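Sequence lines, in order, name chains G and D.
Counting from 1, position 43 in the first sequence corresponds to residue 43 in my numbering; the numbering is continuous, with no gaps.
Counting from 1, position 64 in the second sequence corresponds to residue 64 in my numbering; the numbering is continuous, with no gaps.
Calculated from the structure, these hints are not laboratory results.
All values reported here derive from a predicted model rather than from experimental measurement.
All clues given are correct.
Simulated pairs of lysine to aspartate or glutamate, EDC-like, Cα-Cα distance not exceeding 20 Å:
| id | chain 1 | residue 1 | chain 2 | residue 2 |
| --- | --- | --- | --- | --- |
| 1 | G | Lys97 | D | Glu72 |
| 2 | G | Lys3 | D | Glu59 |
| 3 | G | Lys3 | G | Glu66 |
Just a sample of chain G residues kept apart from chain D, beta carbon distances all over 12 Å, derived:
| id | residue |
| --- | --- |
| 4 | Thr26 |
| 5 | Ile63 |
| 6 | Arg68 |
Quick list of simulated restraints, FRET-style, between CB atoms:
| id | chain 1 | residue 1 | chain 2 | residue 2 | range |
| --- | --- | --- | --- | --- | --- |
| 7 | G | Ala13 | D | Met27 | 35 to 41 Å |
| 8 | D | Phe10 | G | Ile74 | 34 to 40 Å |
| 9 | G | Gln102 | D | Asp73 | 27 to 33 Å |
| 10 | D | Asp26 | G | Thr8 | 36 to 42 Å |
Note that beta-carbon positions come from the ideal geometry of N, C-alpha and C, so glycine has one too.
One-letter residues, chain by chain:
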Amino acid sequence: DAKTTQPTSMDCAEGRAANLPCNHSTISGNEYVYWYRQIHSQGPQYIIHGLKNNETNEMASLIITEDRKSSTLILPHATLRDTAVYYCISPSSNTGKLIFGQGTTLQVKP
Amino acid sequence: NAGVTQTPKFQVLKTGQSMTLQCAQDMNHEYMSWYRQDPGMGLRLIHYSVGAGITDQGEVPNGYNVSRSTTEDFPLRLLSAAPSQTSVYFCASSPMGTSSNQPQHFGDGTRLSIL
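Start from the sequences, fold in the hints, and give me the full structure.
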């Protein structure tokens with residue numbers, strides 16, 4: 001399982017883009033990068049995932065560096081409801097286990 | 001389509017009591033797992049299963065038992081509850097067998113307090 005490293009906390013102004021970084025220098029070639037978020041004490045919510053190419057969906061964009069050692073989750077227009085803990089995870093390609101770190105607490109401010 | 005359903009949502013136990021946390025999914029997912037989350041902490045993997053009849057330990061398996069007799073259900077058993085097991089428990093599932101190209105879907109959690 002690739003170890004991921006994220007900043008503990010970040011602030012973002014409402015309406016601005018939130019860029020959340022993640023380092024995963026030990027990721028292997030067939031392991032995906034996943035992003036989840038957890039609002040209050042709800043169950044984690046899947047946001048996006050990718051392998052090599054940049055990905056975009058209705059919630060966010062994922063930018064993965066060419067060497068795959070790091071990635072950035074982009075929330076293009078953050079709202080107050082995006083305040084949450086964001087987890088960057090790379091599950092084992094053999095077992096699919098998700099090992100959660102501490103994540104990044106994103107505070108979106110008015 | 002109910003997704004991942006966890007019951008009960010809340011439970012209070014006395015030390016030494018036993019109970020089973022239920023988790024069911026109606027998406028025919030092969031992979032299911034249990035996590036616990038303590039206040040201010042990230043989720044920690046307790047046990048997981050890659051298919052019916054197959055289970056394995058996660059990061060913090062001690063004090064918990066699991067079984068997977070059907071694809072749909074993955075109950076978590078506390079044989080003798082301890083105050084250290086006070087936590088919020090989340091169940092998750094995904095379609096994967098061994099592929100990691102499938103996101104996991106989480107239930108709403110069971111909030112367990114042990115006195």
